[in-house]
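Asks: Residues per chain are reported as follows:
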Amino acid sequence: MSFDSSLESRTFDGRAETVVGATYLVLTGVLVGVSGPFGLVAGLVIGATWYALGTPYAIAIGHVALVGLFPAGIDVASFLLVEVAFLVILIAEVGRSVYGVQFGVGTVVGLTLLGGGVWLGIRFYSVWIAAGLLILLLVSALYVLARYERIRLERAAETGQSNEST
Amino acid sequence: MQLTHRSQGLVALVIVLAILGVTFARPVLLAGGVLIGAWILGAQTQFLATLTRLTEGLVVRQWPERSSLRHGEQTNVRIAVRQEVAVPLSLNIEAGVPTAAVPNRPVTLELEPHEREATHTVSVSWPVTGRHQFEDATVTATDGLFVETVTTGQLPTVTVEPRGPRHIHVGEGGDRFAIASGEHRTGRLGAGLEPAELREYVPGETVSRIDWKATARLAKPYVREYEAESHRRTLFVVDHRSALSMGPPDETKLDYLRDVALAVASSAHQLSDPLGLITVGDRGVTERGSVSASADRYPLIRRRLLELEPTAPGDGPLIQQTRSTRRRTQAWLGRSTTPTDRHQLLGEPSEGDSAFVASLEPFYTAQQRYREPIEEQPLYRALRRELAAETGQLWVVIFTDDSNLEELYEAVTAARSQGHDVLVALTPTVLFEPSGVDQVEHVYDRYHAFEEDRRTFARMHRVTALEVAPRDRLSAVLARGRTKRASQ
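Read top to bottom, the protein sequences are chains A and B. Counting in the numbering used here, the first sequence runs without a single skipped number right up to 189 at its last residue. Counting in the numbering used here, the second sequence runs without a single skipped number right up to 1250 at its last residue.
Just so you know, these hints were derived from the structure itself, not from any lab. Don't take every hint at face value.
Stated by the list, open to error - Which residues of chain A face chain B? A partial, calculated answer using Cβ under 10 Å:
#1 V49
#2 I82
#3 V90
#4 F93
#5 I97
#6 L104
#7 E106
#8 E116
#9 G123
#10 L137
#11 V141
#12 A153
#13 I158
#14 R175
Ideal Cβ placement from N, Cα and C applies to all residues, glycine included.
Could you build all of it, start to finish, from the sequences and the hints given here?
Replies: This is how it looks when you write it as structure tokens:
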């Protein structure tokens, strides 16, 4: 089990968990490949974090570990390889019972939006502009989705009321 | 949609990674933030889709087992939830129980992820009188990261009636009788709006009284008379002595009489009749308001009637409805004085006045020697005093029970003797006493005796005597009486 919330423990799907667990083995293998034996330690820590706290925390720990594994900076090929491994973990979440196709779509759109924003920030401005864009885009996207959901629910309620009155 | 602490923690994680990325000038940390942010947005999209599916197929019902009950009573309130498709959301449904209702535990229902239906019943008490409508049931759905609250469900109403008599019978011998009347015509001619008759003009009358149309038609001067209309000056005499406390809680004799008195007072008020009120307790008059047409009279009377409680038996001349007083009352109705009594009243006749004595003797036969104690009875004394102070004709409405018919008889006679109309609203004690089913026959016999008493009053000139009783109890007793007569 990878999540701490009781809700997720009640929606636990052993088979899907196994698939996600397997992707962490792949990630560990990639880390060993790009950074040597220390990659194995990093992979085990990331896996343990996933098991204890869940995927987002595992991703965070994984990226902090990358800074430690590559103190002089990571080359583009290694970076892309590791990020693809993380992406596979993210996509594997789709197979879990709580998250379905909509999760995958939302993740891909979010990835495009946030990734695009950060890339533009780094490419044309600086890291701190990119960081600001990341936070701004994330908060804005969360707000827009929440408002959209609210309006949709209100419209559904109005439709229900008008159906009852007729 | 709101973020739970957990999702807020994840957003904070993204911010921390961004700050670390800036601090150490390592864009790789921003990449981690991008992945986590995308994960959060994916989860939010998924929650949105699941929630839409939930609201489309969710049916929440909330209903009380009884929609009409009395103040302070309890009823079960049920809440049931059913969803067409099981969703991976945890649901908490809270019934929209009105604020005035007091459930013995929270009316909430928990639905685990993938559960499709559940029902929950809670006992709810209703301490506030009135009509209470349920509010929407509140459904709180969460997947651990996001929370949303939607409202749904029916809005049933519960009517809470105040405690007190529910079905009041006002009538004669089991037949219902309307005591509220319309406009009062005096039967006399005078000023009014309703034309009564035409008569020839009498020299000396003012010319303005001539009906010129009739005069032209009949070729003689004619005067049109109108029926005089008047307001009926109404005096309420309400007995609230301890004997009227008999009966179940909130359904005592006084409660029944109070409701009838309120109805009569309301009717009189609508007709702008001048009203007065005397309330009589065990020790005498507890409230006195002379007959008046002032605007505040009706509200005062109404408030006083609503506040009226039976007085405690004090040192007043309380007469309980016991077997002995019952016998005495019955004796009074068919009374006959002994020859000794008559001689004492008339004195020893001399030879010269024997014819006179012979003429008077039958009248004295119908007398009874209870006048002195009666003078001390509070109802009689209060009415006598009020009638002495009043000028003009009254409609005296007496609300009492059959505990002390001698006193009532004298009070009614006193009112009649001064030319007043009298309405007596009587509660039969027998219908307020606790008694089992096996005693119904005995109850019927006693009710029959009460009815005889009531008829005695009703036969009196200018007197209307009505019974005020619980309708269901009276119906049961009368049904028993019919069965008894049929079997005989």
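Asks: Could you run down the list of hints and mark each one as holding or not?
Replies: A quick look at each hint next to the structure:
1. V49: With a minimum Cβ separation of about 16 Å from chain B (threshold 10 Å), the hint on A:V49 is violated.
2. I82: Holds, about 5 Å.
3. V90: Result: holds, 5 Å to nearest chain B Cβ.
4. F93: holds, 8 Å
5. I97: The hint holds - A:I97 has a Cβ within 10 Å of chain B, the shortest such distance being about 6 Å.
6. L104: A:L104 check fails; min Cβ-Cβ to chain B is 12 Å, beyond 10 Å.
7. E106: holds, 6 Å
8. E116: holds, 7 Å
9. G123: The hint holds - A:G123 has a Cβ within 10 Å of chain B, the shortest such distance being about 6 Å.
10. L137: Since chain B brings a Cβ to about 4 Å from A:L137, closer than 10 Å, the hint holds.
11. V141: holds, 5 Å
12. A153: holds, 6 Å
13. I158: holds, 6 Å
14. R175: holds, 7 Å
Hint violations for this structure: numbers 1, 6, all remaining hints satisfied.
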